[in-house]
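The chain contents come next:
There are 2 protein chains.
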Amino acid sequence: MKKQRIGFQGALGAFSQEAVVQLLGDQVTVVPHPRFEDVFRALTRAKIDAAVIPIENTLAGSVHENYDHLLHFDVRIAAETNVRIIHNLIAPPGVGLKDIRKVYSHPVALNQCLRFFARHRRLESTPFYDTAGSVEMIMQEKAPDAAAIASSVAASIYGAHILERSIEDDRRNFTRFFLLYPSKRVRLPKREAKQWKTSLVFTTRNIPGALFRALSAFALRDLNMTKIESRPLHGKPWEYLFYLDFLDKEDDPKVQNALRHLAELADFMRVLGTYPKGN
Amino acid sequence: MKKQRIGFQGALGAFSQEAVVQLLGDQVTVVPHPRFEDVFRALTRAKIDAAVIPIENTLAGSVHENYDHLLHFDVRIAAETNVRIIHNLIAPPGVGLKDIRKVYSHPVALNQCLRFFARHRRLESTPFYDTAGSVEMIMQEKAPDAAAIASSVAASIYGAHILERSIEDDRRNFTRFFLLYPSKRVRLPKREAKQWKTSLVFTTRNIPGALFRALSAFALRDLNMTKIESRPLHGKPWEYLFYLDFLDKEDDPKVQNALRHLAELADFMRVLGTYPKGN
Chain A
722 MKKQRIGFQG ALGAFSQEAV VQLLGDQVTV VPHPRFEDVF RALTRAKIDA
772 AVIPIENTLA GSVHENYDHL LHFDVRIAAE TNVRIIHNLI APPGVGLKDI
822 RKVYSHPVAL NQCLRFFARH RRLESTPFYD TAGSVEMIMQ EKAPDAAAIA
872 SSVAASIYGA HILERSIEDD RRNFTRFFLL YPSKRVRLPK REAKQWKTSL
922 VFTTRNIPGA LFRALSAFAL RDLNMTKIES RPLHGKPWEY LFYLDFLDKE
972 DDPKVQNALR HLAELADFMR VLGTYPKGN
Chain B
722 MKKQRIGFQG ALGAFSQEAV VQLLGDQVTV VPHPRFEDVF RALTRAKIDA
772 AVIPIENTLA GSVHENYDHL LHFDVRIAAE TNVRIIHNLI APPGVGLKDI
822 RKVYSHPVAL NQCLRFFARH RRLESTPFYD TAGSVEMIMQ EKAPDAAAIA
872 SSVAASIYGA HILERSIEDD RRNFTRFFLL YPSKRVRLPK REAKQWKTSL
922 VFTTRNIPGA LFRALSAFAL RDLNMTKIES RPLHGKPWEY LFYLDFLDKE
972 DDPKVQNALR HLAELADFMR VLGTYPKGN
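So the sequence lines, in the order shown, correspond to chains A and B.
For the first sequence, position 75 matches number 796 in the working numbering, and the numbering has no gaps at all.
For the second sequence, position 70 matches number 791 in the working numbering, and the numbering has no gaps at all.
Chain A on its own, in the form it takes in the complex:
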């Protein structure tokens, strides 16, 4: 049987690759892409079978760009998973902590290791486009005074050494990832799930109390909302799209009633997916 091809953003060894393994195991082919938009485009053009993208981090917040792509590309969410983000100081073999001057990583990762940099004031925190990509770069350049901050998987993929493990300031650092399929080829997990989630996006009419009424469709049926995110509505300055996640499956009768109720109140509405609640 042909292996599924799973796209993600970043270099090999990115945290998204850990999410791929958590979601689908390691019997898949991973396909790295430079930008999130490339991943969505590859998915809707059937260059890959599925995609795994980060949607929010417990410290940095939502990945807003991906909320926009969920609206603009015809995809469905089929699963979610949470990855514990552990940042490690990584250097080429033979390079020790005392040799290092520059430390490369994605700005969000650098910003999550501020106490490490405060303890080592001679280290220069240097932004790079990607966490795993910064490990690849220091290994290629063979710089004797450079290190990277990335996952332990990235260290092992590129043959680099971990000098210090878990240097992040806050260990309550998790990123939530979505598994996406093209809408027409969505494969729902076969396993039974204890709890399900449904994600949707909608716009309200621009009248007072509109969002409150929209949320009533869920609250009055005791559906538990777990996330709300707002994004600007293009072409209508100071109006917004709302993205909601709530517990329960799309085909549950209570959810069906809530969706019908929301459709009465919303100018636009689309269900983005229904999937087992993550770990």
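Each hint can be trusted.
Which copy is meant is left open, so a pair is good if it fits within one copy or across any two.
Once the Cα atoms are required to be at most 20 Å apart in a straight line, the calculated DMTMM-like pairs of lysine to aspartate or glutamate come out as:
| no. | residue 1 | residue 2 |
| --- | --- | --- |
| 1 | LYS957 | GLU889 |
| 2 | LYS957 | ASP891 |
| 3 | LYS998 | GLU971 |
| 4 | LYS948 | ASP789 |
| 5 | LYS957 | ASP890 |
| 6 | LYS998 | GLU960 |
No wet-lab data here; the hints were simulated from the structure.
The structure presented is a predicted model; accordingly, all values stated were derived computationally and were not measured.
Since the structure of chain A is provided, determine the placement of chain B on it from the hints.
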């Protein structure tokens, strides 16, 4: 009388400087800072008298970093204004459109001029840390094949020429800015305003329907909510802070009742400011 010193992020000629002029006129001293955090720190350490920061753009969405700073620094919002964002192609004198190969600007600005780049395929869109800063840079470097995308004010400050005006894809491109003072030295505008806005931040107890109940404090009193923004609550994975804007003044009796009602439901609540609704 000593001129007020107003801090903002970016180089001289940044869109924030246009907001300063809209809010306070041109009889103030503007103080540029490299990062948003520097602006907030300068304000709370009394190195500047007030600050002007962008909070949301009608195309790119919220400036989430500034929402976080509004919570962490002891400041109050005293006014808001909306600036129409017009992007111009700017080059050193003597450099024409046919000479240009690289175009520098802030990534958000580059991303708002995609149709211009589609019309001129040989131009390389090149990210730089700041719009006005990219004009300063091409003037200093005297590169014969480089241009920048920035405001017309930036062109005039650095003595550069505008080769093409208003190259943004969507003219419904506005950025909303806040005028901030340290909480203890807030100066409210003396002028009468037709409409007022109030901004606040709160967290809910982690129970089903909590956000819906919180919003009821406003909706049941016919207070018109104009914006909601959520940010992650650090230390409590998958819980959120909510930032609300609604119409009406903090000392209005209806608003006072709503705030008392919200305080019953919220774990934490702080009013960030009450100010005349912007243009």
